[in-house]
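Student: Work out the full structure: start from the sequences and follow the hints.
Protein sequences, first through last, are from chains A and B.
First residue of the first sequence? That's 1 in this note's numbering, and the numbers climb one at a time after it.
First residue of the second sequence? That's 1 in this note's numbering, and the numbers climb one at a time after it.
In case anyone wonders, no lab produced these hints; they're calculated from the structure.
Be a bit skeptical, because a hint or two may be false.
Identical chains blur together in the list; that is why a pair holds if it fits in one copy or across any two.
Straight-line distance between alpha carbons at most 35 Å, and here's what the computed DSBU-like set of lysine-lysine pairs gives [what the hints assert, rightly or not]: (1) 176 with 154; (2) 184 with 53; (3) 226 with 176; (4) 176 with 238; (5) 190 with 53; (6) 176 with 102; (7) 190 with 154; (8) 96 with 34; (9) 226 with 13; (10) 102 with 53; (11) 184 with 102; (12) 172 with 39; (13) 238 with 53; (14) 190 with 13; (15) 96 with 238; (16) 34 with 14; (17) 154 with 184; (18) 96 with 190; (19) 34 with 172.
Each chain, written out:
Number of protein chains: 2
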Amino acid sequence: MTNMITFYDFPSKKDGVEAWNPNTWKTRLSLRYKGLPFKTVWVEYPDVESTLKAAGIPPTSQWPDGRPTYTLPAIVDPSTGAALADSLIIAEYLDKTYPGDKPLLIPSGTKALQTAYAEAVRASLGPLFQFLMGRTCETLLNPSSDEYFRRTRKEYMGMDIDALAPQGERVKEEWKNVEAGFGKIATWLKADEFAMGNTVSFADFVVAGFLEWCKNVWGEDSQQWKDVASWHDGRWGKLVRNLEVY
Amino acid sequence: MTNMITFYDFPSKKDGVEAWNPNTWKTRLSLRYKGLPFKTVWVEYPDVESTLKAAGIPPTSQWPDGRPTYTLPAIVDPSTGAALADSLIIAEYLDKTYPGDKPLLIPSGTKALQTAYAEAVRASLGPLFQFLMGRTCETLLNPSSDEYFRRTRKEYMGMDIDALAPQGERVKEEWKNVEAGFGKIATWLKADEFAMGNTVSFADFVVAGFLEWCKNVWGEDSQQWKDVASWHDGRWGKLVRNLEVY
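Tutor: Written out as structure tokens, the structure reads:
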């Protein structure tokens with residue numbers, strides 16, 4: 001298997017956690033859905049730029065000061081020489097290079113819709129971040145990533161990650177907002193399991209990425225995960241289980 | 001043409017304005033795209049509930065106190081007896097009842113994606129509302145709608161519509177935010193004219209509805225409309241022109 005795809009993902013220090021990052025999960029699920037064998041290279045946050053540069057993977061955007069931003073997920077495919085970052089760009093590449101016999105990750109004509117869906121999901125689940133950011137550092141990240149993540153988010157947001165987490169009375173209130181955020185997605189899906197009806201597509205991996213983040217930060221036995229998995233007739237727990245079969 | 005569809009829309013007092021409301025425009029464009037003849041019944045805001053009730057059209061949601069909310073767009077189709085409100089529900093009905101030989105308004109499997117797209121467009125164009133709400137009352141609404149619109153929005157938002165409009169230094173800044181909002185949609189569309197590539201769909205009517213609102217509030221010769229129409233390589237002005245051919 002010398003031609004196996006290399007997939008760059010963030011490691012976790014917690015036992016039993018395969019992966020946790022909502023963005024890299026989109027690519028992990030994309031590769032699995034396609035049935036493509038891959039090997040994971042685990043990269044700590046401070047090493048992302050040097051690792052990607054060394055692999056010839058381009059940046060995905062720019063910092064406000066103009067420096068290039070290197071981000072995961074990223075892949076290198078030795079069969080074609082492709083070296084790419086960004087989950088949507090990777091999904092397009094996989095569709096083109098490995099169309100396979102299943103529906104495409106991004107069915108023809110749906111790219112802008114899938115992009116906007118991803119954006120709308122992220123906006124709806126905004127209230128999740130305050131609960132998950134600090135806990136991610138605490139429970140999942142190794143020391144070098146922990147330090148880097150806290151420092152760069154502080155620069156970016158102007159506040160400590162730990163100060164984000166709601167306290168006291170606000171916990172219940174903000175938890176209701178998380179539920180309402182998932183509820184909004186449920187109103188788009190209606191009775192369908194997947195964004196495109198009976199067919200899995202990239203849009204579902206966006207939601208699943210957030211669910212994997214919740215599940216892995218809190219753990220499967222936590223009350224928080226039990227809540228999320230049970231909301232809206234248990235559809236979120238079911239979605240994670242149904243996508244994990246790939 | 002006794003079987004012509006009746007389409008309920010909001011009137012305007014301004015010469016040369018065919019229609020202005022971003023929501024009803026989605027249905028106006030849907031009907032035109034389908035090539036279905038229709039007659040417009042113009043309804044002032046205070047008369048929406050009684051008019052729709054009399055026509056047997058159901059409410060679309062609820063006020064916070066539990067009372068039903070009646071909204072436009074709405075249609076009655078005497079060929080089938082259908083009496084419906086909500087632009088997305090109407091689009092689905094038209095696809096089912098009048099599939100025609102063009103692509104559907106909501107192509108198979110894209111309903112949740114189209115719904116989320118509509119939501120993401122509205123969120124991106126949030127900064128537009130502060131510019132348009134007061135001006136809509138002032139330049140477009142007849143007295144009874146003007147009074148009703150101002151009163152109910154004040155109840156809802158807790159502030160006067162006119163206080164929304166940015167003043168002084170903030171005008172330029174907020175206008176940049178409007179441009180950035182359209183810019184976000186442009187990043188989803190990339191080089192494609194329409195959300196689904198070469199094919200018009202409901203998603204495009206969502207954007208076009210907002211564009212028609214801008215155009216009709218400010219007028220085609222205004223600097224504001226010239227700005228909007230020219231942003232992002234003139235794609236917004238072109239979109240309006242290309243959808244007006246139906």
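Student: Each hint should be assessed against the structure and marked as holding or not.
Tutor: Here's how the hints hold up against the structure:
no.: 1; hint: 176 with 154; in the structure: both (26 Å within a copy, 26 Å between copies)
no.: 2; hint: 184 with 53; in the structure: between (39 Å within a copy, 28 Å between copies)
no.: 3; hint: 226 with 176; in the structure: within (14 Å within a copy, 43 Å between copies)
no.: 4; hint: 176 with 238; in the structure: within (21 Å within a copy, 43 Å between copies)
no.: 5; hint: 190 with 53; in the structure: between (43 Å within a copy, 26 Å between copies)
no.: 6; hint: 176 with 102; in the structure: neither (37 Å within a copy, 43 Å between copies)
no.: 7; hint: 190 with 154; in the structure: between (38 Å within a copy, 32 Å between copies)
no.: 8; hint: 96 with 34; in the structure: both (12 Å within a copy, 33 Å between copies)
no.: 9; hint: 226 with 13; in the structure: within (22 Å within a copy, 55 Å between copies)
no.: 10; hint: 102 with 53; in the structure: within (33 Å within a copy, 47 Å between copies)
no.: 11; hint: 184 with 102; in the structure: both (29 Å within a copy, 31 Å between copies)
no.: 12; hint: 172 with 39; in the structure: neither (41 Å within a copy, 50 Å between copies)
no.: 13; hint: 238 with 53; in the structure: neither (38 Å within a copy, 40 Å between copies)
no.: 14; hint: 190 with 13; in the structure: neither (37 Å within a copy, 39 Å between copies)
no.: 15; hint: 96 with 238; in the structure: both (29 Å within a copy, 30 Å between copies)
no.: 16; hint: 34 with 14; in the structure: within (28 Å within a copy, 56 Å between copies)
no.: 17; hint: 154 with 184; in the structure: both (30 Å within a copy, 26 Å between copies)
no.: 18; hint: 96 with 190; in the structure: both (30 Å within a copy, 18 Å between copies)
no.: 19; hint: 34 with 172; in the structure: neither (40 Å within a copy, 48 Å between copies)
Of the numbered hints stated above, those contradicted by the structure are hints 6, 12, 13, 14, 19, listed in ascending order.
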